[in-house]
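Starting from the known structure of chain A, arrange chains B and C on it as the hints suggest.
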Amino acid sequence: MLGFLIRRFAAGLATLFIIAVFSFCFTRLAPGSPFSSERQLHPEIIKAYEQYYGLDKPLYVQFWRALKGYVRFDFGPSTMYRGRSVNEYIEPGLGKSIQLGFLGAVFAFLIGLPLGVFASAHQNRIPDHAAMSVATLGICVPNFLLGPLLVQLFSLKWKWLPSALWPEDGSLKELSKLILPTITLAMVHIAYISRLGRAGMLDVMNKDYIRTARAKGLNEWTVFVKHGLKNGVTPVVSYAGPMVALVLTGSIVVEKVFAIPGLGQHFVNGALNRDANMIMGCVLVYSALVIAFNFVVDVIYGLLDPRVRVS
Amino acid sequence: MGSDPIEALAAVESRSPGRMAMRRFFKNRRAVICIALLLFVGGATLVVPWVTRHDYRESDWEYTYGEPNGKYWMGTDAIGRDLMVRVFLGGRISFAIGFLATAVSVIIGVAYGATSAFAGGRIDAMMMRFVDILYGMPYMLVVIIIMSLTESKSVLIVFFVLGVFSWMTISRIVRGQVLSLREREYVEAARALGVSAPAIIWRHMIPNILGPVIVYTTLAIPSVMLAESFLSFIGLGVSEPETSWGVLISEGQQALDRWWFVTFPGAALAITLFCLNSIGDGLRDAFDVQQR
Amino acid sequence: MSSSGKAAGFVLLLLAGCGKSDSPAPPPPPAAAAKLAPLDLSAPVEARIAEARRLLAEAGFPGGKGFPVLEVLYNDSEALKKIAAAIQQMWNKNLGIQVVLRNTEWKVYLDLVQKGRFDIARRAYFGEYLDPESFLSLFTSDSGFNSGGWTSEEFDRLVAASDRENDPAKRLALLGRAERLLVDEAALIPLYSGVGHNLMKPFIKGVYHNVRDMHPLQGVTLEGPGAPKDGVLIFNIASEPHSIDPALADDIASLKVLQHVFEGLANYEPRDGTPVPAAAERWDVSPDGLRWTFHLRPAAWSNGDPLTAADFAWSWRRAIDPKMPSAYKERLYVVKNARAIARGEAPIDSLGVRAEGDRTLVVDLEHPAPYFPWLVCLMVYLPVHRATVEKYGDQWIQPAHMVHNGAYRLVEARPAESMTFEANPRYRAAKDVKLKKFVFLHVVNDITALNLYETGQCHWLFRIPLEKMDALRGGPGHMEGPIHASQFYTFNLKRKPLDDVRVRRALALAVDRETIVKRVLRGGEEASERLTPRLYPGYEMK
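Residue numbers (numbering that gives the first Met the number 0), protein chains in the order written: chain A, 0 to 310; chain B, 0 to 291; chain C, 0 to 541.
Isolated chain A (complex conformation) (with noise of 0.2 Å):
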């Protein structure tokens, strides 16, 4: 077993740190310098602020000081918003992100989980067509035409939710504003978890046991909900790694749509700008992020199937 999670985490910080190289030779090498105005620079402006931020070092002195800040947390300053630092935008900015992506993930097992469930408890029936064409639909409707058909309907027609922002405290007033947000981003997922939750949960219910616990006499909801939801839900769980990282993509249309100020838009704001620091300093979290979680997954697995950590 131990050996097994040093592996992982071995692997984990092998993937950051290509990821790192990777991110910092495209932004440094890319055209487009970060200080350009819209009156040409005299070459003595140039110097001055290569000098301040360091870019007239040699490319791997440039890295190696990179290196030494992310170490420590220190992203460095950010060449869009001058004299200051990345960290001031990636520290808030996360946390809006970690909350938005968790509010999204659970909405989503909640809603879809029970609605796969019951598509497969009715199976080729109406209700399960319904279910899974309306599961379907989302995921055919791309999120950045979701968030404004909400708003448009439930803000500005019959003004039942704010628009925009992120709550500014705990009241339930400014609450609501996470509403919109979270359906957006969840419902893609929604659509993920339901499909995989009536396949796993059709799968199991055809199985041998379940027959056998049928002639035993147990009835339907004992059989359904002791002995086939248990492992029909495997897939849905297993769904859980790969949808860090959808929602993350997710999150990047979300902050744009509702003006949250989260990692997605720093970084896309970072990439279209040339700022290296701010694009280094959400890359890395991101990864950091997700890696993590598959990290705690897999230990997880390792935890409840001894095959997995043999392998």
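Read the hints as simulated data drawn from the structure, not as lab findings. Be aware that one or more of the hints could be misleading.
What the hints assert, rightly or not - Covered by chain A, per the in silico footprint, the following chain B stretches (three or more residues, Cβ under 8 Å):
#, stretch
1, 140-147
2, 218-232
3, 263-270
All residues carry an ideal CB built from backbone N, CA and C; glycine is no exception.
The following block gives chains B and C in isolation, referenced to the frame of chain A:
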């Protein structure tokens, strides 16, 4: 029958697994309807721009932001261009990107996975370790970085970048299939009977790998199309005067009161994705039973 | 003709890069010294197109045959995309030539433009002072803006002469001749003059349209139905300020913040945007126009320290310091020795500014500049509190540390989200400040901002999305008016055949700018046949 049992065994195995799966597939009504629908939409993207009298770049300055009417069935956009021809031309590009990117990823993935499985041993372990590491990379972030750093946003670059970053899953699937198939009894039996290696690969392995690959491909195309539309939304998609469903939808969602901007491309994309997913599901059901 | 063929061809062109001309070399451009006929860009469209075709044929490309495929560069924006697509079409239809469009993000666009890596680029400028020279100086040979390579000795001579001319009428005449030359040689394709659109809730009073689109909030009140009970105005400044250190700031969002937190020698008058005395109560200029003397009012910093002339002198020297990475320090170059100092060729102390006592600031200029009061309203001329900067370094801009002299104090800054301001009780005219508290939002997406406005989460927008222009114009809360901005396309003269003035003139003539402003922009913009907006009484281009 009363014939030799080994011959009987061989006779059963020689019925193409593919044909059995196809028979099962066509019993699935939803999937069949979706194939028809998909052919219809795909056909429209080929035919409509060809037969229409409007040019996709020509502006009717008297009728900008125009609602659908007899002359412009899907309305006009902000600079007076006919939206119907743009929706279907955009469809061509969206389909092209979806198919080509998936093709790239499948080719790389199958080659990589099969090689890894056949190489076996330490090479296999190393290759899979590499895949694990790549898996940890946030694919979309990398795509965004690359797209924002390349100077020209041509269609080629978009699908190449998308394809290059999605081959890992298929390589794992293929490797898994090859590994498990190598150990199957009927392969051993065939080897024992003296069937040559290429024949084993051709008649036994390929049909079994093909199943998951086809299923994966059908399900990957919609996700690539969605990825392309996502890139368009951020502003990294195809550039003017070409367009794609992603570009049209992201332009349209900014003007929802002009409902025709977003409804037609949105419906086209949704129908296409729905059909591809249903077909993929149907294929999976058809092949899966056979796997057990 | 199948448009699918065209589409395929276009994709191929995109992939192959710019096409090459394979016809024989066109006849060389005419000798430069010949005086050109005036380029009349306000003639009727048909006449312009006919003339354009004639010129193009004369230049060796009859009907567009053999004309290479050029690239039009613009930065990401829906409106710009539509304009570029329209122009692409117009050139295709009217002249038979093809261009490809290329859009890039802001930073990349700026980089490409400055390095001269473009064929035709979209440009725009918001003039800082209400004078034609603010635009014309963009096209002198040593201007950082002029990366397309168009030069004219005559033009440089005229602009320099206007700098030394004291008589206002003669000065404007010189500038008018310079602009005529600029347009006739088609150094640019004029498009339209800017229009500012503000969307404000009806309870906001005390706001007037002005050509700088600058609205100091001190005089604003919130009254009437719907006014927020907490009296807080919520204004969307549409982006995160790049920096709220006056020496480092270079964007409009930062200007809006700094205008309220610091006070410079002069500030913009709310009604017409002209500079009026602020920290200085009056100023004099010497007869030769080279020495300005500013007399400061008694005032204090927010921590009680008196505001002195030495503060201004120190702040300007700080901004011009070669180590200070500020793009905006160019605006200081009108002050004596500033450019040399920034290049590291002169000591910082030699900057042409000094304090004579606590209340008198003497400024020496490189050349006469009657528009100097406009410049001192800009960010880079604002004073900063020396002791605070020296104590906290980079962190002096944190709300907890900041010491300032403006009407408002920055209470809270949420990165990329919002900034909250409250009236500064120590401000020299604190009793005149009517609006006590306001919030700036940093919402970039125009549509989201508009949604916030409609749900009442935001009260004031200064940008409205193109798609909603028709619906909002003239409606409640909408304020519209010309602003001191100009939109145009420039050429890269190193790219053949753009070095031929006939080709440039043809391209400029063939753009139907009236249709663009009427059908595409629909925001009341005015099609323009020249670089400068029509905002200067007594000024004519001739």
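task = Tell me, in ascending order, the numbers of any earlier hints that this structure violates.
result = none
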